[in-house]
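Fit chain B to the given chain A structure using the hints.
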Amino acid sequence: MMACVKYQGLCRHFILHSGVLRTIPVAHAGTLKTLHRSFSSEEKESFYGSLTRNFKLMTQEFVTKLKSPNIDTMFDRSRVLWEYKGPESLKEFKVVTDATIGGQSTAKLGISRNNKLLFTGNLNTDVPKDGETVRSGFCTLKTLQQFGSFNRKVEIDLTPFTTLHLRLRGDGRAYMINMYCNSYFTLTHDDVWSYFLFTRGGPHWQNVSIPFSKFFLSSQGRVQDKQSPVDLERVTSIGLTMADAVNGEFSLELGSIHVTYDATESEEFVYERYQT
Amino acid sequence: MASCTRLLHRLVLNHGCRVCYLPFGTFRRPPLYSACVESCAKVTFRQELHTSTILSQEDATGSKQQQQQQQEESHLSAESKRTLSLSRNLFKEATNKSADKETFYQLIRTFGEVDKRRRGHLQFIETALKYMPHFNVEKDINAYNKLLDIFPKGVYVAKNVWQVIFNHFPEQQTVALKVLQKLEDNKIMPNNETKKLLLDVFGRQSHPVKKYQRIMYWFPKFRNINPFPLPFELPSDPVLLAELGLKRICEYEAELTVVKEFDDSSSDTNANEFLTSSQSPEQKDLLSQHPPYRPLFVEGPFNLWLRDIKLGYYVLRSDAIYLKSLEGDIVKDEDEEFEADYNMRNMKPPSEDQLEGSVYAMCMTSNGSQERLNLWIKKLQEDNPHLARLPVIFNLFDNNTESKEREGRIGEGTKLLKPDT
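Sequence order for the protein chains is A and B. According to the working numbering, the stretch in the first sequence is residues 387 to 662, in order. According to the working numbering, the stretch in the second sequence is residues 2 to 422, in order.
In isolation and in its complexed conformation, chain A is listed as follows (with noise of 0.2 Å):
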C-alpha cells in the first residue's frame, strides 16, 4: 500500500488526533532542563561544578534508560515535540540565512498577531561575488540542538512514529523540512533527510503530514546516490527551509510540530534502496 501525503487544508477546528495526545514524560524532560548550563550567563563554570553537573546528568540519563519513557509510546499513538506555548516557545528555534555565504536573504523568528511563531523574512537570490559560489538563496528554521552530558549530542527517538505532522499556515510558497540525525562517522555528518513542504497560502490553519519514508537523504545540497531511510532512533533536530528560488518575502506561521504512529502505513522507504 503507497504511503501517501495527505493534506488536510481545509480544516478549521482545532485538531484532535486519533489516539490520546500525550506530552513527553515529565520526569525526563524536566530534570535535565534544571541541569543544563545556561549558556547566557557570564560567569565560568568551575572545573568541579561542571563534573558534578555532568556526573548528575548521567546518573538521569541511565535512570530514565533504565525506566524506558518510549515504552510508554506503546499505548501513545502521537506525541508533540514543539507546541506554540509562549514567548520562550521562540528559544527552542534558530534561523539561519545565506548571509553566511554571503548572501542578502534577510529572516527572523517573531510572534503572529494570532499568538503563532512567526517565521518571516525576504528571499534574495543574489549570487555573493566570491568568484566560486554559483547559487544563493536560502533561510532556515531550525530546532536547537540539544545537549546532554558533557555535552553529548541528546537524541530523540522516534522509532513508534511514522508520520511528521505540522500545524502551520504559509503563504503559498514551497518550503523542505529537513531532518537532521547524529552520526558515528564524520563521512556523514552533512547528511540530512529532506522532503518538500507545499503550503496552501490563505486565511485558514493547514495541517501536513509526512510519512518518514518519504523523506530522501542528501548531503551538502546534493541528493545521494544510495539512499536510506531517515535514521529515527538518532534525531537531534528538525528544520523548515525556504529556498525555492524565488526573490521575494515569506512568512509562515507554525502552530505544532508532532509525530503520530500510522498503523496503515506499510511502507518503509518509497525510494530505490540500491544505488542507482
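Keep in mind that the hints were calculated from the coordinates and are not lab data. Bear in mind the structure is a predicted one, so any value in this text is a computation, not a measurement. Treat the hints loosely; a few may be bogus.
If the Cβ cut is set under 8 Å, some of the chain B residues that face chain A in the computed set are [to be verified]: (1) 212; (2) 216; (3) 219; (4) 226; (5) 227; (6) 228; (7) 229; (8) 249; (9) 304; (10) 305; (11) 306; (12) 309; (13) 316; (14) 357; (15) 360.
Pairwise CB distance ranges (calculated) [to be verified]: (16) A:605 to B:383: 55 to 65 Å; (17) A:434 to B:182: 47 to 57 Å; (18) B:168 to A:661: 32 to 42 Å; (19) A:497 to B:110: 52 to 62 Å.
Some chain B residues well away from chain A (every beta-carbon gap over 12 Å; in silico) [as the list claims (entries may be wrong)]: (20) 96; (21) 146; (22) 359.
Backbone N, C-alpha and C fix where the C-beta goes; we use that ideal spot for every residue, glycine too.
This is chain B only, laid out in the frame that chain A set:
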C-alpha cells in the same frame, strides 16, 4: 618518477593546462584537432570568473565599445576570431537583434560556421549559458540540446578504466555538467535527444551521463507531489490570476464573483480594474447570525504566492475576542485523556474560528484602496442583508507603518499585481 613529480608540480602551481598537463603557452599554433587547443591557451578552473570579469569590463567601458563595434564591418575580423573575443562579440552583437530563440539558434550555427574545428567551444557554451535568460530560452529543451551538440562526438569517450578514473577530459565534462545543472535548475525534463547526445559525446561512464541519469530518476518522482498544483503556465491576465489564487485559498463551496466596472474616482484605466470576491453558503449563514454588537474587520492585504507571482487578498472576518479569554479555559493536563476530559465536562474544544475570528468573505482587487473595499462590502450586502447592520472596521496594512496589527510581514512592500507589468 621525475616526470610524475613534474606533473604534480605543474598541477599544484597551476601554471599548466589541466587537461594535457603541459605549461600554458606550449602551443602557439595549435596542431590540428588537438583537444587541448583552447585549454593550453588560457584555462583556469575559475573560468567563470575569467569570462565574467571580461564581460563586466566590457559593460564598464560601455557605449564607446558598442559604437566602435557598430562602426566595424559586420563580418568578424581575424582579431575577433580569437576564442574569447569570438564568443563575447557574437553575443554582444546578437543582443542588438531580437531576443528570441531563433536568434539563439542562429548564433550557435554561426559559431559552427566560423571555425569548423570549433575552437573555444567551452567558452562559447559558458557564455551561452549566461545569455540564456536574455533570449528567453531557459525553458526550451532544444536550446540545451543544441548547446550539447557543439561538442565533438566520440572524441571524449573514455576507452579504458584509467580514463574513467581520471575523469577523461574533465574541463569538457564540467561544462556539460553546467549545462545539465541549468537544465535541472529550470526544472525541465531532458529528452531522448539529450540522452543520445550525452552518450555520443562522453560515453556511459562519464559524469554528465550520470547526472542525466540522476535527473531522470528524481524528476518523475517529484513531478506530482504538489497537493495544490498550479497550471504549467500561469495566465497573464490579472483577473484570471486572481481567480486562480482565490480558488486556491477559499472554501470548497465558495462562489466567485467578478466585478469589472467601477464608478470610483480612483480608476484611471477602466479596462484593467477588477474586484474578485468569494463567499460560500456556509459563510453566508454564519454572517447572517453574527451579533451586531461585535465588529467586523476588513484586513489585508495578505500575501499569496503563485509560484513566482505575488497576489494580495483581503479578508472580512469577525474579531478575535476569544484569544485572551480562552487561554485559561484550554485544558493542558498531561496525565488525563484530552478527549475524555472534554466529553465529561461537556465542553467543546475551542475551534480555530473562535480563536482567531471566522472568515466571512475574501476578495482580491487591483487597487487596494478603502473606496474599493467599501464597494466590495456594498457588493456583499446584496447577498448578505444582515451585513448592513454590522459595523465594519478597515484594518489595512500599510507599507510604511509597522503597527502592531500587522502580521509581521516585513519586506519590500505589499505590491498587488499590477495589470501593466
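Self-check item: Hints not upheld, ascending by number
Solution: Violated hints (numbers, rising): 1, 2, 18, 22; every other hint is consistent with the structure.
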